[in-house]
Structures are given as structure tokens and as C-alpha cells.
Amino acid sequence: MQWEVATTAFLASAVEFVEAFTIVLVVGLTINWRSSLAGAFAAAATLAIIIATFGVALVQFVPIDILRLVVGILLILFGLKWLKKALLRYSGLKALHDEEAIFEETMAEVRARGEQITPRFEPFGIALAYKAVLLEGLEVAFIVISFGTSAANNVCSKTCAIGSAASGAAVAGVLIILLGALVRAPLKQIPENTLKFIVGVMLTTFGTFWTGEGFGVTWPFSDLFLLILAALYLLASFVLVTWLKQVRLQHQVRASTAPPVTNEQEGVRP
Amino acid sequence: MKVIKAVYNFIVGDMIILIGVIVAVILLALIENVSALAPLRTIAGAFLILAVLAVLIASLSREALGKR
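Sequence order for the protein chains is A and B.
Each residue of the first sequence is one higher than the one before, starting from 1 at the first, in this note's numbering.
Each residue of the second sequence is one higher than the one before, starting from 1 at the first, in this note's numbering.
Source of the hints: derived by calculation from the structure; they are not laboratory data.
Incorrect hints may appear among the rest.
[Claimed, not checked] With a cut-off of at most 25 angstroms between alpha-carbon atoms, the simulated DSS-like pairs for lysine-lysine come out as follows:
(1) B/LYS2 to A/LYS85
(2) A/LYS85 to A/LYS245
(3) B/LYS2 to A/LYS245
(4) A/LYS94 to A/LYS245
(5) A/LYS85 to B/LYS5
(6) A/LYS131 to B/LYS5
(7) B/LYS2 to A/LYS131
(8) A/LYS131 to A/LYS85
Just so we're clear, the structure is a prediction, and the values are computed from it rather than from any experiment.
If we strip away everything but chain B, and leave its shape as in the complex, we get (with noise of 0.2 angstroms):
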């Protein structure tokens, strides 16, 4: 359990940035690989970027608000 721990301390430390990016990944790998998702291949670049700006925004408001 500390090795874990510490791998996730090191790599990144935030449940909000790790479960964010897991999530935008796993939704990435179904729009390339169900054909019936295949339309919004075209737009998966500008979706990852939108999701790497949301989590990173995501991890911000909790930092900045929770400390009320």
C-alpha cells in the first residue's frame, strides 16, 4: 500500500487530475475504436485538449475554494 502511495504521490498527487485523465482516455479509446462513435473521430484531438483544460480547471476550483 505505501509503494502505491508513493508511485501515486510522485506521478501526480490529485485524485481530481488522475480519475480527470483516466476518464478523457478511456472516453478517447471508445470514440476510435465503437464504430458507432466514429462521426466524432474528427473532433477527438480538440476533445482532449478541452478535457486536459477541464481537469486542470477542475483541480484548481477545488484548491481555491475549498480553502474558504
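Looking at chain A on its own, in the form it has when it is part of the complex (with noise of 0.2 angstroms):
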């Protein structure tokens, strides 16, 4: 077992099963759990079946050095797009993620197409479910697949390492259906931010070190460059957020200071 690599795969499944639980239980609560339910397990097979055979195909086909450099330029992509939100709704320039809202929206979506609660299958509420947790369970599968490929190394095989990438993955599912299940209410409560900003650190690193091993890079101390990497990117997202904070303090000192503009200066005619 790869600690940290199961440890990554849980808080990035955490994050995307707290998205995908807000559309099942909206689906559940306005159709029928029965819709809801077989969407999920739908889209669930669907995603097994998908790390089943890419991961198995990169594993026997594609050599490990080749692998990391692509994953690891594909991990930081993905890291630097997961961190750049992070810290913009970190610094209050981004809205932070309101599983409230997303559930009233999809609540008012489905209740303005007249759907009634009936217990049998509506094909409208198995598509939404299977559609929120396919999508949602992509970037898992993608995560999955990217470190239990690339974290291989002697005392664990290709096999072993996405085994437990994919065992992170489930533990979050699992926790989160369950905490869904005692809840019956939007998962607002999980610090998706605080996830989201740690998976992207964790991404990002990967990612470095990954492509600097693809491209022949001997990083000091191995890999325990890997803390040093970690520890510097989150030293630097810290000044970050202190930079876009005043950033926003400054926009909001111009735009109260800022004299009324009149209808003459916008040009618009009575």
C-alpha cells in the first residue's frame, strides 16, 4: 500500500463525491431514489470499467519512464487549474463552492420540467444522476490512473500502486454516501476548498517531480525532494493569497471611492 498516493486519490474523490452526491440526492428527493440510485451505480460500473481498462492497458503496454513524463505534465496541468481556484476563492476574488445553492438550482431545474414522485424508473432521473456522477468520477478515475501508474516503484508494482489509488477513492465514496445517508441534506459542511487547495498542492508536486525524472532530472535526496517540493509550493501559495487579498481590498477601496457616474459621462441620452 502507497500511503500517499491512496492519501491523494481520497481527498480528490472527497471533494468530487461531495459534487456528484448533491445531484443523486436532489434526483432522490424530487423523482425517486429509485432513478437516483440506479443513475449512480450506473455511472459508477461505468468508471470501473474505465480504470479497469486503461489502467490495465497503460500498465502492460506503455514503459514506466515515458509514463511518468506524460503524467506528470498531465498531473500538473491538472494541479495548477485545481490551485488557481483554491486560491482565488481562498482570497475572496471567487465565489466559494455552495453545495446549497447547486442543490436549490437543480431542485427549481426539476421541478420546472413537472416532474411528481412516482416510484417508478424515469429515464430524466437516472440521465442525471448517471450524468453528475460520470462527470464528477472522471477527474477520480484520471487521478487514479495518472498516480497508481506513475507512483510504481520497487516495493510496489504498477498493480499495486493504482490498487491504492483506487482504494483511497473508495474509502472517500463510501464515507461520503454514508454521511449523505445519516444527512439527507447538502454536504456543506466539508471544507471543499481546503481539499481542493491541498489536492492541488499535492497534483502539482507529483507533477514536478515526475516530468523532472521523464526528462532525466536527479532531484537532491531522492524522494524526499517530494516534502521539499510540497512545502515550497504551499510557501508560495500563502504569499499568493496575501497578494490577492490586497489585490481585492484595493478594488474595493477604488470602487467605494470612485465618484457616481452620471448619465452625461456614460453617454446615455434621456
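Put the two chains together into one complex; each comes in its own frame, and the hints tell you how they fit.
What follows is the structure in C-alpha cells.
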């Protein structure tokens, strides 16, 4: 078992499962639980097939050095995307992800279609739950496959590493489903942005490390350099959040001191 | 076109990050493969880290300063 791989997969999956759970909950409450669960299980099966197919293909046919280079670059792209969003949310320049708002919005969408609570399978409900779980789960599948295949070493083979990542994701899924079953409301208490920030730092760290290795870079202290790299990105993130908060304050000050715009200045004719 | 856009949005969704990382990777490939650039190989790791940070700062700057 590779704990760093399992932890990253667990955190990333928890974020995505919370988002998927919100939609499954709406479908369950507004249409029926049968359609909602059917859609969710069908999507989970599709994801399992994707992981099994691509995971096995990558393990068998692609050399580890090429895999690390390609996966490293993809992880940097993916990690920077998550990190950027999390930093913008921390600084207040982007609104925090609001599960309750998504819940209400989807609820309104379903009600507008005039769907009634019936015990039968409703195609719209199944499709909505399927789409949500599949789309959110694809990011999890991507992380499980890329992390699993690249984290292999002398102690843990590629299959063992994919197993570690898949275990982390599965534990996250079970936990979120259990929590959701107990609460039966949008899981807004889960610190989604913090999870996204941690995963963003981890993905960028592993991405940089593996890309470097793919290009033949010999990192000082070998694998221990991962910790130094993570600390460096964490430090940079804190500095960037402080700077972004200052920028936001300057925007607010400018907006409050700016003279009111008249119709003439705007060029609007009465 | 829709498929390409969906893949782009799924993986990165930000042109500055995409172009920045591609440029960094191309430069790293040149450093590793062109013999005239061999002396730079010792700083390839540091270059990669700085490039990643520069891309992040550039992308955040556009978001922050573009909201004026």
C-alpha cells in the first residue's frame, strides 16, 4: 500500500463525490430514489470499466519513464487548475463552492420540468444522476489511473499502486455516501476548498517531480525532495493568497471612492 | 471541436496554464537534447519549479487584475 497515493486519491475523490452526491440527492428527493440510485450505480460501473481498461492497458503497454513524463505534465496542468481555483476562493476573488445553491438550482430545474414523485424508473432522473456521477467521477478516475501507474516503484508494482489509489477513492466514496445517508441534506460542512487546495498542491508537487524525472533530472535527496517541493508550493501559495487579498482590498477601496457615474459621462441620452 | 473543447476544459481550462506549461516542457526538452545547452542541465530541475510558479502567478494575475 502506498499511503501518499491513497491519501491524494482519497482527498480528490472526496471533493468530487460531494459534488456528485448533491445531484443524486436532488434526484432522489424530487423524482425517486430508485431512478437516482440506478443512475449513480450505472455511472460507478462505467467508471470502474474505464479504470480497469485504461489502467490495465497503461500498466501492460507503456514504459514507466514515458508514462511518468506524460502523467507528470498532465498532473501539473490538473494541479495548477485546482490550485488556482482554491487560491482565488481563499482570497475572496471567487465565490466559495456552494453545495446548497447547487442543490436549490437543480431542484428548481427538476420542478420546472414538472416531474412528480413516482415509484417507477424515470429516464430523466436516471440520466441526471448518471451524468453527475460520471462527470465528477472522471476526474477521480484520471487521478487514480495517473497516480497509480506513475507511483510504482521497487516496493509496490504498478498494479499495487493503482490498487492503493483506487482504495483511497473507494474509501472516500463510501464515507461520503454514509455521511449523505445520515444527513440527507447537501454536505456543505465539508471543507471543499481546503481539500481542493491540498490536492492541488499534491498534484502539482508529484507532477513537477515526475516531469523532472522524465527529463532525466536527478532531484537532491531522491524521493524526500517531494516534501521540499510540497513545502515550497505551500509557501508560494500563502504568499500569493496574501497578495490576492491585497488586490481585492484595493479594488474595494477604488470602487468605494470612485465618483458616481452620471448619465452624461456614460453617454446615455434621456 | 466540441470534444476538443471538453477535453481542454476537463484537463486545464486555462490558456495561460496550457501554453506556459507547454513552453516550459519544450525548453526542458531542448536543454536535455541539444548538446550546446548541456551546461544548463544542472539547473533543469530548478528551471521547471520556477516555470510552474511563474505560470501560476501569471494565471492568477490575469484573474485578479482583469477584474478591475
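Check each numbered hint from earlier against the structure, then list the numbers of those it violates in ascending order. Violated hint: only 3; rest satisfied.
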